[in-house]
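2 protein chains.
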Amino acid sequence: MMAESPRRGVPEATVGRLPGYLRALTGLADRGRSSVSSDELAELTGVRGAQVRKDLSSLGSHGVRGVGYDVTRLSDQIAAELGLLEERPVVIVGIGNLGRALASYSGLATRGFRVAALLDVDPEVVGTEVDGLVVRPLGDLGALAELLSPVAVGVIATPGAAAQDVADLLVEHGVRSILTFAPVVLRLPDAVHVRAVDLASELQILAFHEHQRELAGAGEDVG
Amino acid sequence: MMAESPRRGVPEATVGRLPGYLRALTGLADRGRSSVSSDELAELTGVRGAQVRKDLSSLGSHGVRGVGYDVTRLSDQIAAELGLLEERPVVIVGIGNLGRALASYSGLATRGFRVAALLDVDPEVVGTEVDGLVVRPLGDLGALAELLSPVAVGVIATPGAAAQDVADLLVEHGVRSILTFAPVVLRLPDAVHVRAVDLASELQILAFHEHQRELAGAGEDVG
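Note that the protein sequences, when read in sequence, are chains D and B.
Going by this note's numbering, the letters in the first sequence line up with residues 23 to 245, in that order.
Going by this note's numbering, the letters in the second sequence line up with residues 23 to 245, in that order.
For the record, the hints were derived by calculation from the structure and aren't laboratory data.
As the structure is a prediction and not an experimental result, all values here were calculated from the model.
Glycine is no exception: its CB is placed at the ideal position from the N, C-alpha and C atoms.
Any given hint could be a false lead.
Said to hold, decoys possible - Pulled from the structure, derived: some chain D residues nowhere near chain B, Cβ distances all over 10 Å: (1) D98; (2) V173; (3) A184.
Said to hold, decoys possible - Which stretches of chain D does chain B cover? Using the computed rule of at least three CB atoms under 8 Å from a CB of chain B, they are: (4) 32 to 45; (5) 126 to 135.
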């Protein structure tokens, strides 16, 4: 479990905001900016200014009064913290529309990742090319994962029914980081980090808030 | 701002877990189960048992000792809480691979949503059919949004550079719930609920944890 917790005390919520800061800093650098204030960084990321300062100081970065933070330096520091100074390989399993969208998402390459392999079970999909990569049969997963693990991130974009088996295969072959889009809860060893994105859940959470507004509106009508 | 907060005190974190409970209950119902214990629900959703009981009791649902919760009744209650008893229309803007994946995601129909319209700016995409729906030009967004709002959820699957304009258009025409996949922070009125899924950020958070493990491993080697 020790390897699970950050070596210094960077809180999990701060980690969750680092990608946003990095994205904003990259945008600023692209526009030729060399320094940025915490308030501007706050404005660009939708985080409160005080929180930005707290987050960055937990990385050991302090702005200079009246000058702010050095864009390149802070950028490099966050990239180092996120372990992005070397490109990380990404293995995508399940090359339907979603897998295809991920495979050709240009944002990955510019943000520290390289799509290293695409796999599918469908014989009609295996052998086809997506964004310059040939889709390989799922049977190749073991060899590929061992080649790329432990640094690789496994992405599961399969139907829900296949997700647990794919996750087990990835872990069996040394992958320790998994991003899943399958609408099922994966059962994996504690040492494996899993992030789950469930598109219908995101919509349902929005529906909850809309529903609350409808109820509030109905209350106004009668009351 | 009042309409923003739930009318009773259902905490935001609980709301975030309701879709998971509903998904598990639907699975149980499909397998012919009529009752479920909080511990089994915990196991199915990856939430602690005590948390499940607390969440459900905040909805006014209490299990019966030795019997548990009635699957259909609890399911209906959560669906009602989420405002899913009537299908909610979803409007997807940006019909690239990701938009296409969302449009043809069968999980939406079974979980309370109906893809009502697809829009794009690319003349080569407009007029093509995706899962039975013809892609319409972005110019139709105003009329469509007014027809479907305020209940509709707007989904933004455009490149980052187009996202703010699309969001402004949606809001201008009455949409109050937005799910965005664009890697930019949207600036919108407080009354609009936005959920943002940034794929590269999810990967970067995984990279952080992998990097921490690498550092911990390196420490072990030398120490």
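Would the least Cβ to Cβ distance between D/A184 and chain B come out above 10 Å?
Holds: least Cβ distance 14 Å, greater than 10 Å.
Verify the coverage statement for the stretch 126 to 135 of chain D against chain B, using a C-beta to C-beta distance below 8 Å and requiring 3 or more qualifying residues.
holds (count 7)
Are at least 3 residues of the stretch 32 to 45 of chain D within less than 8 Å of chain B when you compare beta carbons?
As far as the stretch 32 to 45 of chain D goes, the hint holds, because 7 residues have Cβ atoms under 8 Å from chain B.
Verdict on D/D98 as a residue remote from chain B, using beta-carbon distances over 10 Å
D/D98 clear of chain B: closest Cβ-Cβ about 14 Å, beyond 10 Å.
If I take the minimum Cβ distance from D/V173 to any residue of chain B, is it greater than 10 Å?
violated, 6 Å
In terms of the numbered hints stated before, the structure departs from hint 2 and from no other.
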